[in-house]
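Colleague: Here the protein sequences line up with chains A and B, keeping their order.
Counting in the numbering used here, the first sequence runs without a single skipped number right up to 768 at its last residue.
Counting in the numbering used here, the second sequence runs without a single skipped number right up to 116 at its last residue.
Hints in this document: simulated from the structure, not taken from any laboratory.
Below, simulated BS3-like cross-link-like pairs (lysine-lysine); rule was C-alpha separation at most 27 Å, straight line:
#1 Lys70/B - Lys108/B
#2 Lys44/B - Lys666/A
#3 Lys3/B - Lys70/B
#4 Lys666/A - Lys708/A
#5 Lys708/A - Lys3/B
#6 Lys108/B - Lys708/A
#7 Lys44/B - Lys708/A
#8 Lys662/A - Lys708/A
#9 Lys708/A - Lys668/A
#10 Lys44/B - Lys108/B
#11 Lys3/B - Lys108/B
#12 Lys108/B - Lys662/A
#13 Lys44/B - Lys662/A
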Amino acid sequence: GAGVSQSPSNKVTEKGKDVELRCDPISGHTALYWYRQSLGQGLEFLIYFQGNSAPDKSGLPSDRFSAERTGGSVSTLTIQRTQQEDSAVYLCASSLRSSGSLTDTQYFGPGTRLTVL
Amino acid sequence: KQEVTQIPAALSVPEGENLVLNCSFTDSAIYNLQWFRQDPGKGLTSLLLIQSSQREQTSGRLNASLDKSSGRSTLYIAASQPGDSATYLCAVPYSGGGADGLTFGKGTHLIIQP
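Next up, chain A with everything else stripped away, as it sits in the complex (with noise of 0.2 Å):
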């Protein structure tokens, strides 16, 4: 079956733009995760959804970001005036948790590179 999708896969803008990053998780996977991953800096995690709700944005890193996820399924990261340490891979993650579940395996996307000129 179809895995995690992303689009787009690359995204070069201007600073001072604002751009939306699209997440398809795997379909029935009721948990949807974002992360960033920075030149020399790791993988972050951002945010977290259960179905529509987002429980934990304690790792969004600042108000210019935000994210919403629609039907339980598609999610939408939106970075507003884009600054030049926005520029990184943000990967997008999803899991099962069907019942509740704490253990089930994450399953990650491609990932898409912005680049904040």
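Got chain A; can you put chain B on it based on the hints?
Modeller: For chain B alone, coordinates are given in the frame of chain A:
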């Protein structure tokens, strides 16, 4: 705050050798630990997930162990092959006892020489 450390940061060995990658974490109240591999320009592939009640998991030539009390995990790769070249990452739940996002180590960059 959970912190994950991986040693070594990089490793280069000849094909055929057995090798061990190390991971340590500061908060032992975890539900699970996962090992991933990441190939250049690609996303992460899950290799093994060890439940907190388990001590090890095996998949093919890979064996991962978990010692919660000491905050350590190891990934053992037997009979290494050039195709094993990748960055290996370990990860534990972000908030220690919770299982929402994951906290990752910075990875071990592995090169297997043909």
